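Novice: What follows is the residue order along each chain.
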Amino acid sequence: MSSSTLEKRRSQLTKGRMPGYVVWVVLAAAVVLGAAVSALIGFNIIVWAILTAVFFVAGATMITAAFGGTRKASDSLMTYLVYGCFIIALLPLLSVIWTVLERGLPGLSYDFFFTSMNGVTGATDNASAENGSPVLGGAYHAIVGTLQITLWATLISVPIGLMAAVYLVEYGTGGRLDRAITFFVDVMTGIPSIVAGLFAAALFGLLFGPGTRTGFVAAVALSVLMIPVVVRSTEEMLKIVPNELREAAYALGVRKWRTIVKVVVPTAISGIASGVTLAIARVIGETAPILVTAGFVSSINTNVFSGWMSTLPTFIYYQILTPTSPTNIDASTQRAWAAALTLIVMVMLLNLAARLIARAFAPKTSR
Amino acid sequence: MSTNTLTRSEVGGKSGDKIFSGATLAAGCLILAVLFGVAAFLVIQALPIFSADPTDITGGEGFGSYIFPIVIGTIIAASIALLIATPLGIGVALFISHYAPRRLAQGFGYLVDLLAAIPSVVYGAWGYAVLAPQLAVGYGWLAENLGWLPIFEGPASQTGRTILTAGIVLAVMVLPIITSLSREIFLQTPTLHEEAALAMGATRLEMIRMAVLPFARAGIVSAAMLGLGRALGETMAVALVLSGGALTASLIQSGNQTIAAEIALNFPEAFGLRLSELIAAGLVLFVITLAVNIIARWIISRHKEFSGAN
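Residue numbers (my numbering), protein chains in the order written: chain A, 1 to 367; chain B, 1 to 310.
Any given hint might turn out to be false.
[Claimed, not checked] Dumping the calculated DSSO-like pairs for lysine-lysine here, alpha-carbon to alpha-carbon at most 30 Å:
hint: 1; chain 1: A; residue 1: 262; chain 2: B; residue 2: 14
hint: 2; chain 1: A; residue 1: 72; chain 2: B; residue 2: 14
hint: 3; chain 1: A; residue 1: 262; chain 2: B; residue 2: 18
hint: 4; chain 1: A; residue 1: 239; chain 2: B; residue 2: 18
hint: 5; chain 1: A; residue 1: 239; chain 2: A; residue 2: 256
hint: 6; chain 1: B; residue 1: 14; chain 2: A; residue 2: 239
These are calculated hints, taken from the structure and not from any lab test. These numbers were taken from a predicted model, which means no experiment stands behind them.
Could you put the whole structure together from the sequences, leaning on the hints where they help?
Specialist: This is the structure in C-alpha cells:
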C-alpha cells in the first residue's frame, strides 16, 4: 500500500526522464544502421562513423522528445553536439601525433642526429632506395641552427621583455604611455610571423645591403614574436606578488630598484621562468620568419653572424617541398617526418619544463 | 659590519634607482619603437613598387591587380577557417567549462591546448600528406553531387591540395585560440546567475542560453577576431597544403593563393623589384591583421569590466 504511493511519487518526480539504458540501445542501433547504410553506398570507416553519429543524435533526440518533450530534447541535443565538438577537435590532434610517430620513428637514428645534409644529393638517395640501405643524411645542421637562433632570440627578448614588464607593473602610473605600451604589446602578439620576418629582413637589408641573411637576422625576427609573450606573462606574474613584500622592503629602507631586483622578481621567478620557456616553445617551431631571414643550407654553420643557417622547421619545409631526389622522394619524406618528430618532442619538453619550473620554484613564502 | 652594508646600499642606491627606472622605461619604449619600426621599414622597402612601371610588376598590370587576388584568397582561407573553428571552438569551450566531468575538465583543457603547441610546419606537412588525400575523395563526391554550386564546381582536385583543405588546416590551428579564450570567459560567468537559472527549472541548455552566452558574447566575438588575425597571417600550413594559382570561385579546385604563402614561396628567390613587391604584400597583410587585432582588443577592453577577459 505505502510502497505503491512511494512508487507513484517517485514516478511523479522522475516523470519524463528516460531510463539510462535507452541511450546505449540507441547507440547500438545507430552503429548497426550506420554500418548497413554505409555498406550500401560503399563501405568506408569514415562514412560509417559520420552516419553512426548522425543516426545516434537524431534517434536519441527524438526518443528524448517522446519521453520528456521538446525542452528536454533540445537540451540533450545540445549535450550530444557539445560532446561531438570535443571529439571532432581531438581527431586532428590524434591524427597529427599518430602520423608524426608512425612516419618519424623509422627515420630516427644516430646518423640523423649527428650528420648534416652536406654531400647528400639525389644520387645518394637513389642509391639507398635501390640498394635498400639506410637513408643517409640528417638534421644535425638544422638542430644546431634551431638551438643557436632560439638561444639568440631568447637573449634579445628576455631582458627587453622583463624590463618592459617591470616598467609597466612597478613604475607605470596608468598614464597614456603605459596604456599605449600595454595595448601595443597585445596587438604585437597578433603580428603574423612572416611579417616579423620581413621586418627583420628589411631592417638588415637597409643596414647591411639587400639579401643579408644570417642566423642573427632570424633571431631578431623571432624576438619580435617573443617579446610580447614574455612581457605578458611576466606582467601577470609581477602583478600577483603581494604588496606587503614591497612595503616591508621599503620599510627597511631598501631602495626601489633593489626591492625589485632582490624581492619582487625573485618572488615571481618561477612564473617568469615558465613564461619564458613557453615563449621559447612558441618560437622554436616558427618557420616563415626563418625562411625569409636565414636562408637555407645543407651544411653545418655554427656562426649566427655570418652565412645562411637552417633550422628544423625550414628543414622539414624544404625536404617536403623540394625533395633531395625528385624520383625517390621517400628518403626526403622520411627525413622530414623524423625532423617533425624531433621538433614536436622539443616543443613538448619545453612545455613540460615550463610546468615543472613553475612547480619547482614556486614561492614558498606566500603561505 | 652592518653599517658598512647600509652605507654601501645608500651610495649605490640613488643613481641605481634612476638608472634602473630609466632602463625599464627604455625597454617599454623600445617595444613601441619596434612596432612602428616594423611599419616604417616595410614602407621604406616597399616604396619602389609605387613608382615602378606597372608592366614590370608580376602580372604586368600594376600592384593593385597583383595584390587583389591574393588578398581575396587570404580572406577566403581565413573565412573558411573561422566558419569551422568558431562554432567548434565554442562547443569545445562549453564542453570543458560546463559539460565535462569536473575532475577531467582541466585535463581536457590541456589536451586542447596541445593543439596550439604543435608547430605550424608540422600541420602543413600533415595537411599535405594525410588530410589532403583523404579529402580528395570527398571533393570528388562534392563535385559530382553539388557541382552546380559555384563553390563546389568541378573538376575536383585529384590531390586535394585546395583552398578548402588549407582552410580546414587553418581551422585546426585557430581552434585552440578560440577555445581557450572562450573557456576563460565561460568560466567567469557569475555562478549565482547560473544557479538562479537552474533553480527556476531551466535545463542546462536554457541556463547556457540565458546566463552564460549573453555574458560571454563580447568575449566570443573578440576570440573569433583574434582567431581571424591568426588565420590571416598563418603561412606554412597554406604554403605546404595549397597548390596555388589564379583566383577561382571553386573551393575544391587547385588555385587561389594567400599573401603569407605567396611571400614564403617566392621570397627566397626574389630580388630587386620582386622583393619590394613581396614586402609591399607583407605590408598589406600587416595592415589587415593590425586592424583586426586592434578591433578585437578594443572590444575586449570595452567589455573588460563585465567579462574580465584579457
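Novice: Against this structure, judge whether each hint is valid.
Specialist: These are the hints, each one checked on the structure:
1. A:262 <-> B:14: Holds: residue 262 of chain A and residue 14 of chain B sit about 16 Å apart, inside 30 Å.
2. A:72 <-> B:14: At roughly 70 Å apart (the allowed maximum being 30 Å), residue 14 of chain B and residue 72 of chain A break the hint.
3. A:262 <-> B:18: 17 Å, holds
4. A:239 <-> B:18: Given pair residue 239 of chain A, residue 18 of chain B holds - Cα atoms ~22 Å apart, limit 30 Å.
5. A:239 <-> A:256: Since the Cα atoms of residue 239 of chain A and residue 256 of chain A sit roughly 16 Å apart, the hinted pair holds (cutoff 30 Å).
6. B:14 <-> A:239: Satisfied, since the Cα-Cα distance of roughly 25 Å is no more than 30 Å.
In summary, the one numbered hint that this structure violates is 2.
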